[in-house]
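Visitor: Chain residues, written in single-letter form:
Number of protein chains: 2
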Amino acid sequence: MAATQDSLLYSQVETVLASEIGNGALGVGEQLPTEDELIQRFEVSRITVRRAVQNLVGRGLVEIRRGKGTFVAKPRITQELTELTGFVEDMQALGRKPSARVISKEIVVANASVAKQLALTKGERVVRIRRVRLADGFPLSFDETYLPLEIGKKIMKDNLKVEPIFSLLERKYNVPLVEAEYKLEAVLAEANVAEALEMKVGSPIFRIERNSYSRNNHPVDYERLHYRGDLIRFVTRLARKAAK
Amino acid sequence: MAATQDSLLYSQVETVLASEIGNGALGVGEQLPTEDELIQRFEVSRITVRRAVQNLVGRGLVEIRRGKGTFVAKPRITQELTELTGFVEDMQALGRKPSARVISKEIVVANASVAKQLALTKGERVVRIRRVRLADGFPLSFDETYLPLEIGKKIMKDNLKVEPIFSLLERKYNVPLVEAEYKLEAVLAEANVAEALEMKVGSPIFRIERNSYSRNNHPVDYERLHYRGDLIRFVTRLARKAAK
Chain Y
0 MAATQDSLLY SQVETVLASE IGNGALGVGE QLPTEDELIQ RFEVSRITVR
50 RAVQNLVGRG LVEIRRGKGT FVAKPRITQE LTELTGFVED MQALGRKPSA
100 RVISKEIVVA NASVAKQLAL TKGERVVRIR RVRLADGFPL SFDETYLPLE
150 IGKKIMKDNL KVEPIFSLLE RKYNVPLVEA EYKLEAVLAE ANVAEALEMK
200 VGSPIFRIER NSYSRNNHPV DYERLHYRGD LIRFVTRLAR KAAK
Chain S
0 MAATQDSLLY SQVETVLASE IGNGALGVGE QLPTEDELIQ RFEVSRITVR
50 RAVQNLVGRG LVEIRRGKGT FVAKPRITQE LTELTGFVED MQALGRKPSA
100 RVISKEIVVA NASVAKQLAL TKGERVVRIR RVRLADGFPL SFDETYLPLE
150 IGKKIMKDNL KVEPIFSLLE RKYNVPLVEA EYKLEAVLAE ANVAEALEMK
200 VGSPIFRIER NSYSRNNHPV DYERLHYRGD LIRFVTRLAR KAAK
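These protein sequence lines map, in sequence, to chains Y and S.
Numbering of the first sequence is given in numbering that gives the first Met the number 0, commencing with residue 0 and proceeding in unit increments.
Numbering of the second sequence is given in numbering that gives the first Met the number 0, commencing with residue 0 and proceeding in unit increments.
Don't read these hints as lab results, they were simulated from the structure.
There may be inaccurate statements among the hints.
Which chain Y residues face chain S? A few, computed with CB under 8 Å, are given here [stated by the list, open to error]:
(1) S10
(2) T14
(3) T84
(4) R236
(5) A238
Everything numeric in this text was worked out from a predicted model, so none of it was measured.
Don't be surprised by glycine CBs; every beta carbon is placed ideally from N, CA and C.
Assemble the whole structure, with the sequences as input and the hints as a guide.
Guide: This is how it looks when you write it as structure tokens:
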């Protein structure tokens, strides 16, 4: 029974703190009471407090800043994953202001993986564009976009700080987007991703590889999107398949 | 130009090693040559070798075991995310053998979050089942399942090591599953998840919260699925919405 009692206690502490975060009694960016204060307030052991706080970290409600304490985290953005949409469209649907910082635009040689995604031959030249995408001025995603050379060279000259690549393709260059394949992974931030997103190396990243196709299944855009795992959640609804 | 040259070199090293992993010249579990050996073989700098290896880590192709070296990682399981399916169905579709280890089956008091998902009142009792789900004997997902009390009490008595909860609901208890809402997140493994999945704390976790509904949008099953991020990738295809 001891285990059950303890598990009730930490989950009670967790629930109380989560609800104080939920109702704003503890606001975003605010520091959580110290361990000692929580031990006193809830009359529980240090282990129980730690487990409760650890679970709040796991739920993305608070974050530990080393040497500084535990703080209420920014709430995650909940984004639909039901249609092929671009970052600017997504943010506008959520009432957030999208912006972009262009890190690089260059012509590179396609390695085997990139060549395959764009249905090219390894060694062909492609355009690679790297951007940080911001929501309300806060870095949310680090995007690497690979485009076939001809269309890519045109898009390189556009103002990518302002114009979404999807709009350019569809409206300016008359390349309709039909559908995309998404590959979804949870990974840890490597150095370049961490730097772009202002996170520590080893922070959680929701990585999306996206191959967008135009008519006739023609690949037009291959992206590697690295979302800050602590700031994003994707939602979708799936139907049960027909019973056999 | 120096930067471009260097970037070609590391991506060349990366590509060669990735293709050796792809074609089996470097097998799963095999150790990569040491940094010194790679420096010699490719005639590149240590920085270039490190960057290439770091990128292979990022792509999930190799993993660093501290103090031991770098090893070829198990390839990720690529799983469709297009219909509501259970773990056993998913593994069978992939030709892998599913099994389960039951960690706990208990009646607990629903906290606010669980109560909300099951359309109950906070404080009502629910059944919580915790299982490790294995693919070919290897832990792939740690699942927490919450069920309403009445059906949950029945399911607690079933042999959950063998019988999937979806089958029990649909076939034994005549509770049809119609659809589910999925919430997808990238998080870091907390202690209990890490232990269940035999990973280090802080490893990447692909977390899915799934609310499954029966007829009339009636919630019947609320799950928190924690997949090993290094072993899983979800894929889906999404269509472009109709142009405005």
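Visitor: For every hint, state whether the structure bears it out.
Guide: Comparing the hints with the structure gives:
1. For S10(Y), the interface hint holds, the least distance from its beta-carbon to any beta-carbon of chain S being 6 Å, beneath 8 Å.
2. Taking 8 Å as the C-beta cut-off, the interface hint given for T14(Y) holds, the closest approach to chain S being about 5 Å.
3. Taking 8 Å as the C-beta contact cut-off toward chain S, the hint placing T84(Y) at the interface holds, the least distance being around 7 Å.
4. Restraint check, R236(Y) versus chain S: the minimum CB separation of about 5 Å is within 8 Å; hint holds.
5. Nearest Cβ of chain S to the Cβ of A238(Y): about 5 Å, under the 8 Å cut. The hint holds.
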